[in-house]
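Using the sequences and the hints, build the whole thing.
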Amino acid sequence: MDPSVNRAIEQLRGRKLAALKKKYREVFREAPRSLNKQFLFRRIAWQLQADAEGGLSDRARHRAAEIANDADLSKQVQNRFPEIPAPTVPAAPVDRSRAQRDWRLPAAGTFLTRHLVNHDIVVKVLEQGFEYQSRSYRSLSAIAREVTGTRWNGFLFFGLTERRNG
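For the sequence shown, this note's numbering gives the first residue as 1, with consecutive numbering after it.
Source of the hints: derived by calculation from the structure; they are not laboratory data.
Cβ atoms here follow ideal geometry from the backbone N, Cα and C, with glycine treated the same way.
Some hints could be false.
Mimicking DSS-like on lysine-lysine, the simulated pairs with C-alpha atoms at most 30 Å apart in a straight line are [what the hints assert, rightly or not]:
#: 1; residue 1: Lys21; residue 2: Lys37
#: 2; residue 1: Lys37; residue 2: Lys16
#: 3; residue 1: Lys23; residue 2: Lys37
#: 4; residue 1: Lys22; residue 2: Lys37
DEER-style ranges, computed between Cβ atoms [to be verified]:
#: 5; residue 1: Gly14; residue 2: Gly55; range: 22 to 28 Å
#: 6; residue 1: Ser34; residue 2: Ala108; range: 53 to 59 Å
#: 7; residue 1: Arg145; residue 2: Ala18; range: 48 to 54 Å
#: 8; residue 1: Leu156; residue 2: Asn36; range: 36 to 42 Å
#: 9; residue 1: Ala31; residue 2: Thr161; range: 50 to 56 Å
#: 10; residue 1: His119; residue 2: Lys16; range: 57 to 63 Å
#: 11; residue 1: Lys37; residue 2: Arg104; range: 40 to 46 Å
#: 12; residue 1: Gly109; residue 2: Thr161; range: 19 to 25 Å
#: 13; residue 1: Asn153; residue 2: Glu131; range: 18 to 24 Å
#: 14; residue 1: Asp120; residue 2: Gln38; range: 51 to 57 Å
#: 15; residue 1: Arg104; residue 2: Ser136; range: 17 to 23 Å
#: 16; residue 1: Ser136; residue 2: His115; range: 22 to 28 Å
This is the structure in structure tokens:
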């Protein structure tokens with residue numbers, strides 16, 4: 001490819017949207033219909049290459065026009081494949097009156113421990129909630145707040161999950 005075309009494309013790469021819109025008007029002699037920076041860059045770069053190298057052959061242009069003039073493909077696909085009805089198996093009733101157990105929790109009866117400032121925090125996992133120092137708690141976060149005096153994610157505090165980066 002011509003080095004001057006390469007330089008022109010590299011200069012385009014660093015331009016802002018307003019500059020790309022201006023260049024698009026110069027190259028295509030019409031206002032851009034898209035305001036997507038990447039799209040404008042690619043269209044302009046392709047046209048610069050096409051001007052330098054000759055663009056599509058007449059045969060390729062003719063074939064592209066034939067494809068564009070064909071009937072709407074989505075209608076053809078819909079007619080070609082009959083619609084398959086959804087299964088009519090009745091779903092089993094789900095009891096949503098009780099909260100679902102979190103998959104990160106160990107089985108009821110398990111003890112969770114955390115060493116913090118010279119003493120161990122031992123929490124017993126119950127069927128519904130947790131027990132810490134003979135008191136019941138609804139969440140691990142409540143226990144972590146009780147112990148530290150600050151808000152904590154209970155799963156993170158007791159090492160049942162890892163901090164997500166991002």
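inquiry  = Of all the hints numbered above, which does this structure not satisfy? Sort the numbers upward.
reply    = none
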